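Trainee: These are the residues of each chain, in order.
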Amino acid sequence: MINIELLKETLKRLSFIKNINEINCEDSIIRGSIVILFDGLESSLNFRFEIYPPYPLKYHGSESIKFYNEDLISINHVMQDGSICIHNSHNTDLKQKILMDFDSLKQWIQKYYIDKENDLNYEHIVVEEGLVDENYYSYIFTDISHTFSEGDFGKVDIFPLNNAFYKDKVIQNFLVQKFVFNKSKIPCKWNSHYSNIQASEFGLFYFLDKHPAKMNKFIFNNWVEFQGLVSNVFLNYLHQFEKKFLTNSKGNILPLFFGYRTVNNEIHWQVALIKIGAFPIKGEAEILLDIKTGKWNTKLISSDIQWALVRDSSYKYFFGRGTIDKSITESKILIIGLGAIGSMVAKTLTRGGCKYIDIVDYDIKEPENVCRSEYLFQSGLCDKVREIESLLIAISPFVEVTIIKKEYFELIAKMLYKDMESRSHLIANLNEYDIVFDCTTDNDLMHILEIFELTGQIINMSITNHAQELVCAFSPNIYNFVNTQFSEILNNDLEDLYEPTGCWNPTFKASYNDINTLVQFAIKHINNIYKNSKEKNNFVIGTNADELTLEIKEY
Amino acid sequence: MDISKHDYLEKVLESHKMKHVSDFVSKHTTKRDEIKSELQSNYTGKIYIPINSGSYAKHTAINIKFDLDIIVPFKRDAFETLEEMFDSVYDFLYEKYKDKATVRKQKVSIGLEFYPDEDGEVINLDIVPGRELNQDQYLEDKKLNLYVNALYGVLKEKTYIQTNIQAQIDHITAKQNERKKIRLLKAWKHHNRETYKSFLLELLVIKAFDQANIDGDLWEKLKKTMEYIQNNVNQEGFTLKDPGNSGNNVIDTLNTNERQKLSDTMKRIIENIEANDDNIKIYFPINEKFEETDAQRGYGIKTASASVSIPPNNTRFGL
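First to last, the protein sequences are chains G and Z. Just so we're aligned, residue 1 is where the first sequence starts under this note's numbering, counting upward by one. Just so we're aligned, residue 1 is where the second sequence starts under this note's numbering, counting upward by one.
No wet-lab data here; the hints were simulated from the structure. Just so you know, not all the hints are guaranteed correct.
[Claimed, not checked] Cross-link-like lysine-lysine pairs, in silico, DSS-like; alpha carbons within 27 angstroms at most:
hint	chain 1	residue 1	chain 2	residue 2
1	G	K534	Z	K100
2	G	K536	Z	K100
3	Z	K281	G	K553
4	Z	K180	Z	K289
5	G	K536	Z	K27
6	Z	K27	G	K418
7	G	K536	Z	K267
8	G	K299	G	K326
9	G	K553	Z	K189
10	G	K553	Z	K261
11	G	K534	Z	K267
12	Z	K189	G	K418
13	G	K536	Z	K98
14	Z	K65	G	K536
15	Z	K289	G	K418
16	G	K418	Z	K267
17	Z	K46	Z	K98
18	G	K524	Z	K267
19	G	K167	G	K185
20	Z	K261	G	K524
21	G	K553	Z	K267
22	G	K418	Z	K100
23	Z	K189	G	K534
24	G	K316	G	K553
25	G	K111	G	K155
26	G	K531	Z	K267
27	Z	K11	Z	K65
28	G	K534	Z	K223
29	G	K418	Z	K98
30	Z	K180	G	K326
31	Z	K289	G	K414
32	Z	K98	G	K553
33	G	K244	G	K275
34	Z	K31	G	K553
35	Z	K281	G	K534
36	G	K536	Z	K189
37	G	K534	Z	K261
Keep in mind the model is a prediction, meaning the values are calculated, not measured.
Produce the complete structure using the sequences and hints provided.
Mentor: Dropping the structure here:
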């Protein structure tokens with residue numbers, strides 16, 4: 001707990017603090033106020049401050065000291081309650097921390113109050129997350145290929161994602177699937193999986209000309225603040241809508257989407273939650289020259305707005321924090337073989353932002369596959385392709401995943417590759433892919449793919465026992481390279497194999513960590529090759545004797 | 001590796017020798033002689049004696065890829081134009097062999113790919129028509145103009161190239177040392193799916209022997225040859241004169257990036273082999289089909305080494 005006398009003594013060392021008003025401590029929170037004046041500041045400013053018990057440490061990622069001035073809420077980085085948003089430096093020394101924090105306040109005054117600087121980054125308007133019947137609601141949207149104009153309104157099709165806990169309350173998550181406007185459907189740019197799910201719920205939308213916010217940064221908190229921003233036509237429509245659904249759906253929550261433009265003409269949405277039967281509207285008789293016309297108009301009434309959580313999950317923001325190179329993410333990719341390596345490749349590419357991934361494997365996922373691949377125990381026994389498809393779609397709403405029939409390579413290609421007409425059909429099919437990852441360890445398939453001389457890039461990946469090395473080869477030079485590596489160069493331990501109980505089917509020994517370390521390194525190298533248009537030289541990643549150093553050798 | 005790199009490379013060369021495919025070669029030579037005879041009969045009075053060319057004639061062939069070409073020298077007045085010559089030879093060969101082979105126009109030659117015979121083997125021959133530069137001078141200067149098929153020409157306007165095939169053949173004659181390195185680099189090219197022209201590799205090896213001190217055992221010589229290529233092929237001003245046409249700098253068939261890539265590749269090969277002798281097997285593999293084993297002391301198809309209870313030694317993992 002901070003000592004008030006120590007605080008006072010420390011603050012006296014700061015010359016820009018002209019006065020320290022009464023400081024008290026209540027419920028372990030220290031409260032006080034100060035007067036600040038320094039050269040360049042025309043007149044003094046008063047700030048309240050609150051210091052919380054964890055001080056000088058942060059808590060929940062936020063500072064445990066807060067400064068307030070309700071008169072400054074129009075200034076950048078001031079919240080609606082007058083608190084100043086400052087990110088201070090870390091220091092565990094109490095006196096130093098006090099000096100640094102109050103000095104940060106001075107710097108904020110200089111930057112945003114005196115110099116009136118504007119930040120380059122667009123900041124979303126501040127929305128207070130509201131609870132409805134003790135539930136949070138969230139709506140996740142993405143880009144659309146349509147430009148709305150002011151006053152456009154219509155229906156929004158949504159469907160529920162999983163319910164979960166959010167700040168210890170239940171949150172109902174929804175995905176915005178499409179907008180229905182003038183009888184046209186305007187789909188959100190999700191992958192076909194999310195686009196084709198039958199929307200089970202809906203909301204309404206209205207497109208605004210400006211942000212629904214005070215001072216362009218605090219979202220409206222009362223419905224009357226929308227007066228003049230939404231058309232009478234829409235308000236009348238709301239009235240008719242409520243009337244229509246009142247009998248059967250009274251009390252149901254209707255999400256009302258307000259759209260507006262932000263940076264680079266992007267559309268952002270805020271969602272207000274209203275209950276059918278309690279719409280914030282009333283009928284008002286139309287009066288012309290003091291005479292009632294007999295018509296009724298719908299007006300907004302004063303009541304608080306409950307705002308939902310909204311997230312822009314468009315590709316740009318979903319993958320904003322990091323992707324692999326565009327030359328890979330935009331490629332049409334086929335992954336053959338979804339074992340340890342194949343499943344890791346599939347998942348990594350998906351998290352890296354790849355949009356088109358086809359998969360093929362004839363095998364079944366068994367419980368013992370789970371420990372060193374991307375499969376889940378929860379799903380039990382299943383076709384590997386099915387689980388990987390689900391996994392990839394669960395990760396990214398932008399990846400298109402297509403399952404290729406298991407017979408394609410195992411039967412059709414292997415049986416017909418010598419027949420020239422069939423071969424030309426197979427080649428034509430496979431030439432649709434820009435990149436083919438062969439993770440099968442199948443030498444026969446490696447041979448067939450090599451003689452096909454595909455226009456796309458084949459990338460063959462396999463490892464030695466104990467994941468000592470990973471061998472990666474690029475077409476056209478795969479078959480000879482890989483075979484020679486395994487049979488002549490690498491010290492592939494074929495004695496210490498894992499032999500499961502049952503029929504003779506030994507397999508290699510290596511943990512998820514062993515394998516994925518190599519796979520991630522390989523994908524990093526491959527990404528680097530694509531990103532910098534480097535030569536696609538075959539390579540081997542080796543593990544040194546200490547098993548902590550990885551070395552890549554190009555051939 | 002349990003043998004020296006020199007001994008290993010000797011095995012590589014041995015396994016790539018043409019003698020292992022003598023029956024197949026003899027099918028080619030028989031067909032080649034037949035075509036030469038047909039051409040001479042058809043163009044009596046207009047033609048000189050056709051000559052053999054290609055890697056087989058130059059003794060730089062390896063048994064996984066070899067060319068038997070026929071150069072067909074015509075007299076200057078045999079045709080008004082080179083295109084007329086090219087089309088005439090194509091028409092003749094097409095009529096003669098259309099039921100037995102695919103006949104197609106290529107860049108400077110007419111390709112004949114015979115349908116698989118009773119052994120399933122396919123004979124490929126390239127016929128290159130050429131016309132002497134000056135009337136009745138061929139026997140003396142061996143100079144020919146070749147027609148360049150417009151479909152393949154680098155420049156639209158260029159419809160012919162001047163060459164001296166005999167000079168190209170003579171350039172490699174009696175160069176036993178160079179031929180070994182050429183065959184090794186050709187084995188590297190084919191096994192590693194490199195796209196460099198064999199003619200380019202030939203000229204590089206010959207120039208390396210001419211300009212650098214290439215000595216030592218087979219590996220040392222190969223290494224020094226590759227070092228020469230590494231150090232020179234990317235240098236500005238480096239030239240590779242075509243012995244058949246001094247105005248043709250063959251290195252110009254590679255752009256700057258390709259030249260750097262070739263240099264980098266040579267460097268990587270040397271470094272990897274020096275770091276681990278076994279890596280030589282990646283770049284210069286033995287043709288397993290004709291590998292001489294201690295047990296066999298003869299040639300034949302290599303049998304599988306795996307038993308039913310032990311995974312084969314090239315077993316890969318990752319599933």
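Trainee: Compare the structure with each hint and give your call.
Mentor: Going through the hints against the structure:
1. G:K534 to Z:K100: Given pair G:K534, Z:K100 is violated - Cα atoms ~45 angstroms apart, limit 27 angstroms.
2. G:K536 to Z:K100: Given that 27 angstroms is the threshold and the Cα spacing comes to 41 angstroms, the pair is violated.
3. Z:K281 to G:K553: Measuring from Cα to Cα gives roughly 15 angstroms; hence the hint holds.
4. Z:K180 to Z:K289: 20 angstroms, holds
5. G:K536 to Z:K27: 39 angstroms, violated
6. Z:K27 to G:K418: This hinted pair holds, its Cα atoms lying about 24 angstroms apart.
7. G:K536 to Z:K267: 16 angstroms, holds
8. G:K299 to G:K326: 50 angstroms, violated
9. G:K553 to Z:K189: It holds: about 20 angstroms lies between the C-alpha atoms, which stays within 27 angstroms.
10. G:K553 to Z:K261: Answer holds: G:K553 to Z:K261 is near 17 angstroms, not above 27 angstroms.
11. G:K534 to Z:K267: Holds: G:K534 and Z:K267 sit about 16 angstroms apart, inside 27 angstroms.
12. Z:K189 to G:K418: The hint holds at about 25 angstroms.
13. G:K536 to Z:K98: 41 angstroms, violated
14. Z:K65 to G:K536: Given pair Z:K65, G:K536 holds - Cα atoms ~25 angstroms apart, limit 27 angstroms.
15. Z:K289 to G:K418: This hinted pair holds, its Cα atoms lying about 20 angstroms apart.
16. G:K418 to Z:K267: 38 angstroms, violated
17. Z:K46 to Z:K98: 24 angstroms, holds
18. G:K524 to Z:K267: 24 angstroms, holds
19. G:K167 to G:K185: With a Cα-Cα distance of about 35 angstroms, the restraint between G:K167 and G:K185 is violated, given a limit of 27 angstroms.
20. Z:K261 to G:K524: Status holds; Cα separation ~22 angstroms.
21. G:K553 to Z:K267: 13 angstroms, holds
22. G:K418 to Z:K100: Judged against 27 angstroms, a Cα distance of about 21 angstroms means the pair holds.
23. Z:K189 to G:K534: 20 angstroms, holds
24. G:K316 to G:K553: 35 angstroms, violated
25. G:K111 to G:K155: 44 angstroms, violated
26. G:K531 to Z:K267: With Cα atoms ~23 angstroms apart, G:K531 and Z:K267 stay inside 27 angstroms; holds.
27. Z:K11 to Z:K65: This hinted pair holds, its Cα atoms lying about 18 angstroms apart.
28. G:K534 to Z:K223: 25 angstroms, holds
29. G:K418 to Z:K98: 24 angstroms, holds
30. Z:K180 to G:K326: Not satisfied, since the Cα-Cα distance of roughly 45 angstroms exceeds 27 angstroms.
31. Z:K289 to G:K414: 23 angstroms, holds
32. Z:K98 to G:K553: It is violated: about 50 angstroms lies between the C-alpha atoms, which goes past 27 angstroms.
33. G:K244 to G:K275: 14 angstroms, holds
34. Z:K31 to G:K553: 47 angstroms, violated
35. Z:K281 to G:K534: 25 angstroms, holds
36. G:K536 to Z:K189: Roughly 16 angstroms separates the two Cα atoms, so the pair holds.
37. G:K534 to Z:K261: Holds - the C-alpha atoms of Z:K261 and G:K534 are around 10 angstroms apart, at most 27 angstroms.
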